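For reference, the chains in residue letters:
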Amino acid sequence: MIRTEELLLNVGPQHPSTHGVFRIIVKIDGEVITEATPVIGYLHRGTEKLAESLNYTQIVPYTDRMDYLSAMTNNYVLCYAVEKMMGIEVPERAQFLRLIVMELQRIASHLVWWGTYLLDLGALSPFLFAFKEREMIINLFNELCGARLTYNYMRVGGVKWDAPPGWIDKVRDFIPHMEKQLKEYDRLVSGNEIFLARVKGIGKYDAETAIAYGLSGANLRCTGVKWDLRKDEPYCIYDRFEFDVPVGQNGDCYDRYLIRLEEIRQSLRILKQAVEQFPSSGETMGKVPRAIRPPAGETYVRIESPRGEIGCHIVSKGKAEPYRLKFRRPSFNNLQILPKLLEGESISNLIAILGGVDIVLGEVDC
Amino acid sequence: MSEENKREEGRPEVPSAAEQQQESPAAEQPESAASAQAEPAPEQKEPANTQEVAGTEPAGAGAEHPNQPQPDTMPGQPQAESAPGQTAPEQSQAADEAKPAASSGEGAASGAGAGAAVDPEREAKIKAAQEARAARLAAKAAAEGGAGAGAGAAVDPEREAKIKAAQEARAARLAAKAAAEGAGAAGDAPAEPKPPSPKQPWLDEAVELLKTEVHPEAVEEAVINELAGDMPTITVKAEHWRAAAELLRDHEKLGCRYLRNVTGVDYETHMEVVYFVINLETKREYAIKIRTDREQPSVPSATPVWPGANWPEREVYDLLGIDFPGHPDLRRILMPDDWVGHPLRKDYVPLDPEV
Numbered sequence: 001m002i003r004t005e006e007l008l009l010n011v012g013p014q015h016p017s018t019h020g021v022f023r024i025i026v027k028i029d030g031e032v033i034t035e036a037t038p039v040i041g042y043l044h045r046g047t048e049k050l051a052e053s054l055n056y057t058q059i060v061p062y063t064d065r066m067d068y069l070s071a072m073t074n075n076y077v078l079c080y081a082v083e084k085m086m087g088i089e090v091p092e093r094a095q096f097l098r099l100i101v102m103e104l105q106r107i108a109s110h111l112v113w114w115g116t117y118l119l120d121l122g123a124l125s126p127f128l129f130a131f132k133e134r135e136m137i138i139n140l141f142n143e144l145c146g147a148r149l150t151y152n153y154m155r156v157g158g159v160k161w162d163a164p165p166g167w168i169d170k171v172r173d174f175i176p177h178m179e180k181q182l183k184e185y186d187r188l189v190s191g192n193e194i195f196l197a198r199v200k201g202i203g204k205y206d207a208e209t210a211i212a213y214g215l216s217g218a219n220l221r222c223t224g225v226k227w228d229l230r231k232d233e234p235y236c237i238y239d240r241f242e243f244d245v246p247v248g249q250n251g252d253c254y255d256r257y258l259i260r261l262e263e264i265r266q267s268l269r270i271l272k273q274a275v276e277q278f279p280s281s282g283e284t285m286g287k288v289p290r291a292i293r294p295p296a297g298e299t300y301v302r303i304e305s306p307r308g309e310i311g312c313h314i315v316s317k318g319k320a321e322p323y324r325l326k327f328r329r330p331s332f333n334n335l336q337i338l339p340k341l342l343e344g345e346s347i348s349n350l351i352a353i354l355g356g357v358d359i360v361l362g363e364v365d366c
Numbered sequence: 001m002s003e004e005n006k007r008e009e010g011r012p013e014v015p016s017a018a019e020q021q022q023e024s025p026a027a028e029q030p031e032s033a034a035s036a037q038a039e040p041a042p043e044q045k046e047p048a049n050t051q052e053v054a055g056t057e058p059a060g061a062g063a064e065h066p067n068q069p070q071p072d073t074m075p076g077q078p079q080a081e082s083a084p085g086q087t088a089p090e091q092s093q094a095a096d097e098a099k100p101a102a103s104s105g106e107g108a109a110s111g112a113g114a115g116a117a118v119d120p121e122r123e124a125k126i127k128a129a130q131e132a133r134a135a136r137l138a139a140k141a142a143a144e145g146g147a148g149a150g151a152g153a154a155v156d157p158e159r160e161a162k163i164k165a166a167q168e169a170r171a172a173r174l175a176a177k178a179a180a181e182g183a184g185a186a187g188d189a190p191a192e193p194k195p196p197s198p199k200q201p202w203l204d205e206a207v208e209l210l211k212t213e214v215h216p217e218a219v220e221e222a223v224i225n226e227l228a229g230d231m232p233t234i235t236v237k238a239e240h241w242r243a244a245a246e247l248l249r250d251h252e253k254l255g256c257r258y259l260r261n262v263t264g265v266d267y268e269t270h271m272e273v274v275y276f277v278i279n280l281e282t283k284r285e286y287a288i289k290i291r292t293d294r295e296q297p298s299v300p301s302a303t304p305v306w307p308g309a310n311w312p313e314r315e316v317y318d319l320l321g322i323d324f325p326g327h328p329d330l331r332r333i334l335m336p337d338d339w340v341g342h343p344l345r346k347d348y349v350p351l352d353p354e355v
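For the record, the sequence lines run as chains H and G.
Read left to right, the first sequence gives residues 1 to 366 (this note's numbering).
Read left to right, the second sequence gives residues 1 to 355 (this note's numbering).
Worth double-checking, as some hints may not be accurate.
[Claimed, not checked] In silico EDC-like pairs for lysine to aspartate or glutamate, Cα to Cα no more than 16 Å straight-line:
1. G/K199 - H/E233
2. H/K272 - H/E242
3. G/K283 - H/D232
4. H/K340 - G/D329
5. H/K231 - G/E281
6. H/K226 - G/E281
7. H/K49 - G/D329
8. H/K84 - G/D230
[Said to hold, decoys possible] Which bits of chain H does chain G cover? Going by a derived footprint, with three or more residues having C-beta under 8 Å, they are:
9. 38-44
10. 295-302
11. 309-315
12. 331-338
13. 355-362
Note that these hints are calculated values from the structure, not bench results.
Keep in mind that this is a model prediction, so the values were computed, not measured.
Positions of the beta carbon are idealized from the N, C-alpha and C atoms, including for glycine.
So here's chain H without its partners, still in its complex pose (with noise of 0.2 Å):
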């Protein structure tokens, strides 16, 4: 008779899979998960906590911490939930930067998820690959505003530096290069047997739950359900290009690899007609006064970053600090559904799980 016990496995809260400080106690039954409960915290900076002793433009670099692999979209999401308190309006220039960098952006994000999934699943060369083209694009950033990660770019009403001269032009020298390598990666990787071995029916799950667990992003698409802010709660000037919204079927990993490859290539369509439509000049500040303060009340403003929905809660009490801050962050909602993707799967399948989650630490634990 064989008889298998109950182990008690740590993962983390420093391994490399993992993408940061997250920690996973699993359970295991032989090879099979019975137990899991993730840890988190290890990354908790007390960003709200902060914010409600600084100013909303003293905010702005804070969010950039949150998820650093998207800073452009947390400038965004706070900088418009003021935007929205006071009625502020952005000139257009603003706009089309906002909107170029947040895509640039979205491509950025997806990169590094490309690269560090497969280097996960044991494929190291696709890392090297995806680090290559995301080098270009932080180029690209640390021109426009003197940093590669943190940018700290976007200002209620505007944003803070204009497009250096000849730098639209590098962003329409990037979008071909960009589109010619997707392919290459299509060509590398979406096709392989053992990735597809690795990820087709894995971490299935279906649109019911995805809903009633509040995920967002690809997590939710990838179930059938076409959900993105961009296109049904439009902001910043999204309501004026063409893309589409890429949705899966069967809700595993593998639909949300495929997923975020064809957003990449919705976002360089996006880039495309922006880069096209760019206006000539404008003023990149819109009229906005001196203290900012927005009136007493509250908002919730939410967007779509590459991980779903960012959303900002100010309660404000007329003065230049808000009274209370909240950041609604995808990777901190997408992931409490681990534990249950995780149940009676193979522990071989943990760390595929966990990266098809996609989540940045720094903003799960904020």
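Please arrange chain G on chain H, whose structure you already have, making use of the hints.
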């Protein structure tokens, strides 16, 4: 921050702040701070001043309502889950801090081996830390009193006046808001000829359903929040929240099966939990607020209705100390398991200010 300052040099804020500084001599600071609290228009921008206000305020509040022992009375706080590597330094640091400051040494129990017998030891530590803090604050107040033209001495009455003024202002605002809402809710006779929001029917329908299907008294308040893109906002009584949540999710007219966000707010007079729900097909959305008492904050959990409320409710519990009866696993999520207090409460005072 210095980088931020550098970047902001080109903006008009900086000279204006400097102007403000020049116009307000140090001796006038506390008074103008008081008026700034009562009426939002003239506000001090000088950092030292705001720091002083921030420093004195929570200390007084902490003395009146010590919120530190609260976690012990709160349900669901397993100590076993804590990561020893992370939490141990926290505790010993707190003990070290208390040791030199409290001369009696009553709280100077060693931080080692704090796992099992936490309570008495921790309470002693808390007490010591509080004493130390009081001493520090007294010293600070004395120093400021010497330097700042005798402004530091009369902290308490001043603060009470401030609180009173703030409360009055709040009451006035609330009254104004209520009046506006009354006009809005009446619908047929609005004060100004403003067209009703396109989302008004959603609000009316949900309120009607909540009143007929859940309880006639279930709805406390229903408004269209214009600042949030005309969000239909309904305040539901806590005792009817569970039934209301099920109605919101399951009723064919509402069908809000997607919970997008959960927030908690400490309003000082009361606490509030806000649930943002939406129907992804019809895009019909609501913000549901549940008010709760501040001393024993408790809101029935929505996790049985929307599993996605699990972590967000834990976060609200962790940061604001609001209890969610019916939650399957209510324990801290972001802060360490043995953390004392709930940081986003307005009367929160850190156990160890150095951390």
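Here is how each hint holds up against the structure:
1. At roughly 15 Å between alpha-carbon atoms, G/K199 and H/E233 fall within 16 Å of each other, so this suggested pair holds.
2. A distance of roughly 10 Å separates the Cα atoms of H/K272 and H/E242; the hinted pair therefore holds under the 16 Å criterion.
3. Our distance criterion of 16 Å between C-alpha atoms is met by G/K283 and H/D232, whose separation comes to about 8 Å.
4. A hinted pair counts as satisfied when its Cα atoms are at most 16 Å apart, and H/K340 with G/D329 qualifies at roughly 14 Å.
5. For the proposed pair H/K231 and G/E281, the alpha carbon gap of about 13 Å is at most 16 Å, so the pair holds.
6. Among the hinted pairs, H/K226 with G/E281 is consistent with the structure: their alpha-carbon atoms are about 9 Å apart, no more than 16 Å.
7. Taking the CA atoms of H/K49 and G/D329, the gap is near 24 Å; set against the 16 Å cutoff, the hint is violated.
8. For the suggested pair H/K84 and G/D230, the alpha carbons sit about 11 Å apart, so the restraint of at most 16 Å is met.
9. Only residues whose beta carbon comes within less than 8 Å of a beta carbon in chain G count, and the region 38-44 of chain H has 5; three or more means the coverage holds.
10. With 8 residues bearing a CB less than 8 Å from a CB of chain G, the region 295-302 of chain H meets the requirement of three and the coverage assertion stands.
11. Remark: the region 309-315 of chain H is confirmed as covered by chain G, as 4 of its residues place a Cβ nearer than 8 Å to a Cβ of that chain, reaching the required three.
12. Only when three residues or more bring their CB closer than 8 Å to a CB of chain G does the claim for the region 331-338 of chain H stand; here the count is 4, and the claim holds.
13. Taking a C-beta to C-beta cut-off of 8 Å, the region 355-362 of chain H contributes 0 residues in contact with chain G, too few for the three needed, and the coverage statement is violated.
Violated hints, listed in ascending order, are 7 and 13; each of the other numbered hints is respected by the structure.
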